[in-house]
Amino acid sequence: MADADMFSVDFEAMAHAQKREVDATKPGVAMQEIAGGQLVVDKQSKRTIVPASMRKGLMTAYHQWLIHPGAGTMHATMAHVFVWPNMERALKAHANTCTTCYKSKDPTVNYGKLPLKAVTVHSCEFKKECAELLDSYDIHAVGTTVRNPQANAIVERVHRVIGDKMRATTITTPDEWEGFLHNVTFSLRASHHSTLGSSPAQAAFGRDMLVDIKHVADWAEQHARKVTQIQQNSRENAKRTPWLYAPDDKVFLRQDGGNLGKLPPMFKGHYTVLATRENGTLVLDKGTYVECVSLRRVIPFKA
1 MADADMFSVD FEAMAHAQKR EVDATKPGVA MQEIAGGQLV VDKQSKRTIV PASMRKGLMT
61 AYHQWLIHPG AGTMHATMAH VFVWPNMERA LKAHANTCTT CYKSKDPTVN YGKLPLKAVT
121 VHSCEFKKEC AELLDSYDIH AVGTTVRNPQ ANAIVERVHR VIGDKMRATT ITTPDEWEGF
181 LHNVTFSLRA SHHSTLGSSP AQAAFGRDML VDIKHVADWA EQHARKVTQI QQNSRENAKR
241 TPWLYAPDDK VFLRQDGGNL GKLPPMFKGH YTVLATRENG TLVLDKGTYV ECVSLRRVIP
301 FKA
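Quick note on UniProt numbering: the sequence shown kicks off at 1 and runs consecutively.
What the hints contain is simulated information worked out from the structure, not anything from laboratory work.
Computed from a predicted structure; not experimentally measured.
Some hints could be false.
As the list claims (entries may be wrong) - Pair by pair, the computed Cβ-Cβ distance ranges are: (1) P264 to F301: 17 to 27 Å; (2) A204 to K117: 38 to 48 Å; (3) K226 to K113: 18 to 28 Å; (4) A79 to P264: 19 to 29 Å; (5) V283 to C98: 49 to 59 Å; (6) F301 to R160: 27 to 37 Å; (7) K239 to A13: 54 to 64 Å.
Said to hold, decoys possible - Taking lysine to any residue and the SDA-like style, the derived pairs with C-alpha atoms no more than 25 Å apart in a straight line are: (8) K165 to A93; (9) K113 to H94; (10) K165 to T100; (11) K103 to A190; (12) K92 to R167; (13) K105 to K46; (14) K214 to T100; (15) K19 to G57; (16) K128 to V283; (17) K56 to K117; (18) K46 to Q32; (19) K214 to T97; (20) K26 to V81; (21) K127 to V142; (22) K43 to A30; (23) K128 to K26; (24) K46 to Q222; (25) K46 to V283; (26) K46 to P85.
Quick reminder that beta carbons are idealized off the backbone N, C-alpha and C, glycines included.
Can you build the whole structure from these sequences, using the hints too?
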């Protein structure tokens with residue numbers, strides 16, 4: 001978008017609107033200096049409380065800045081800086097009324113019947129389970145090959161996001177193409193990423209790209225989430241038998257590829273371990289060739 005079309009958050013105007021619409025004396029709020037003015041913020045999260053008269057314009061601006069994101073991404077991005085009652089519901093309603101989003105994105109609500117085919121990744125895990133699931137619903141599985149790269153994991157996820165933004169933008173000239181590439185790069189860096197818990201710009205520079213406010217990580221929330229992950233991991237590991245593989249060990253390999261019958265054995269081998277790798281794989285000697293397999297596909301041969 002052109003610089004002249006860029007919306008700017010006017011904190012001075014927001015402060016005047018807060019004086020008219022926000023009760024600064026109620027519990028849970030406090031005054032804080034932001035961009036040279038005194039603004040009403042949430043006492044715990046320090047996020048600026050947006051008055052009702054400015055919410056519509058702010059939602060429209062963020063939707064344009066980030067090039068028509070989904071309601072979840074839009075809420076997570078705005079929630080780093082702003083807050084108001086029923087904010088998530090309002091953002092969802094705003095995104096649901098965007099005609100451009102309806103025309104340019106795959107629907108999130110599944111209408112009609114199940115698909116006739118599904119694209120699957122040829123990985124070394126869960127191949128049998130995936131084939132059984134699709135077969136139980138009479139869905140034809142289409143594997144990923146060099147000529148059919150639709151399921152190239154996270155790369156295609158990023159391509160899908162870029163494609164959605166491309167369809168939501170009118171591009172007719174080479175200059176518009178160049179501008180679009182700059183804009184989509186900006187939106188990807190300014191949007192909240194669930195894997196980071198922030199936007200890439202906030203993680204790299206410590207500031208928000210859309211509003212000139214310092215980004216402070218919620219270390220307490222991140223610590224609580226990490227503790228929960230460790231507890232869940234420990235609970236699952238308590239049910240497992242510890243085992244370390246080493247070169248020259250003997251292992252059985254699970255047969256989990258293709259359509260296996262009911263009577264063939266579940267494992268084949270035994271095979272000799274040639275090497276272990278830090279990424280959770282083993283190199284097995286299979287006679288005429290060697291194969292790299294996941295640790296989850298083998299069990300030790302103890303005889």
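Hints, one by one, checked against the model:
Judged by the Cβ atoms, the range 17 to 27 Å given for P264 and F301 holds: they are separated by roughly 19 Å. Checked against the given bound of 38 to 48 Å, the beta carbons of A204 and K117, roughly 41 Å apart, stay inside it. In this structure the hint that K226 and K113 lie 18 to 28 Å apart at CB is violated, the actual value being about 42 Å. Separation of A79 from P264 is about 53 Å and departs from the stated range, judged on CB atoms against 19 to 29 Å.
Range check, V283 to C98: about 51 Å between beta-carbon atoms, so the 49 to 59 Å window is met. At about 44 Å, the CB distance of F301 to R160 disagrees with the hint of 27 to 37 Å. The given range of 54 to 64 Å is respected by K239 and A13, whose C-beta atoms sit roughly 58 Å from each other. A C-alpha spacing of about 20 Å is found between K165 and A93, which places the hinted pair at or below 25 Å, so the restraint holds.
For the given pair, K113 sits about 28 Å from H94 by alpha-carbon distance, which is inconsistent with the 25 Å threshold. Pair hint K165 plus T100 holds up; C-alpha atoms about 10 Å apart against a cutoff of 25 Å. The straight-line distance between the Cα atoms of K103 and A190 is roughly 24 Å, inside the 25 Å bound, and the hint therefore holds. Of the supplied pair hints, the one linking K92 and R167 holds, its CA atoms being roughly 21 Å apart against a limit of 25 Å.
A hinted pair counts as satisfied when its Cα atoms are at most 25 Å apart, and K105 with K46 does not qualify at roughly 34 Å. With a CA separation close to 32 Å, the supplied pair K214 and T100 exceeds the 25 Å bound. A threshold of 25 Å between alpha carbons decides the hint, and for K19 with G57 the separation of about 18 Å falls inside it, so the pair holds. Between the alpha carbons of K128 and V283 the distance comes to roughly 22 Å, so the proposed pair stays at or under 25 Å and holds.
Only pairs whose Cα atoms come within 25 Å are accepted, and K56 paired with K117 is rejected, the gap being roughly 41 Å. Proximity of K46 to Q32 is assessed by CA-CA distance (about 8 Å); at most 25 Å being required, the pair is judged to hold. For the hint pairing K214 with T97, the CA-to-CA distance comes to about 32 Å; that exceeds 25 Å, so the pair is violated. A hinted pair counts as satisfied when its Cα atoms are at most 25 Å apart, and K26 with V81 qualifies at roughly 20 Å.
Using a Cα cut-off of 25 Å, the hinted pair K127 and V142 holds, with the two alpha carbons roughly 12 Å apart. For the proposed pair K43 and A30, the alpha carbon gap of about 5 Å is at most 25 Å, so the pair holds. Using a Cα cut-off of 25 Å, the hinted pair K128 and K26 is violated, with the two alpha carbons roughly 59 Å apart. Distance restraint check for K46 and Q222: the Cα-Cα separation of roughly 17 Å lies within the 25 Å cut-off, and the hinted pair is therefore satisfied.
For the suggested pair K46 and V283, the alpha carbons sit about 52 Å apart, so the restraint of at most 25 Å is broken. At most 25 Å may separate the alpha-carbon atoms for a hinted pair to count; K46 and P85 meet this at roughly 15 Å.
The structure is inconsistent with the numbered hints 3, 4, 6, 9, 13, 14, 17, 19, 23, 25, although it conforms to all the rest.
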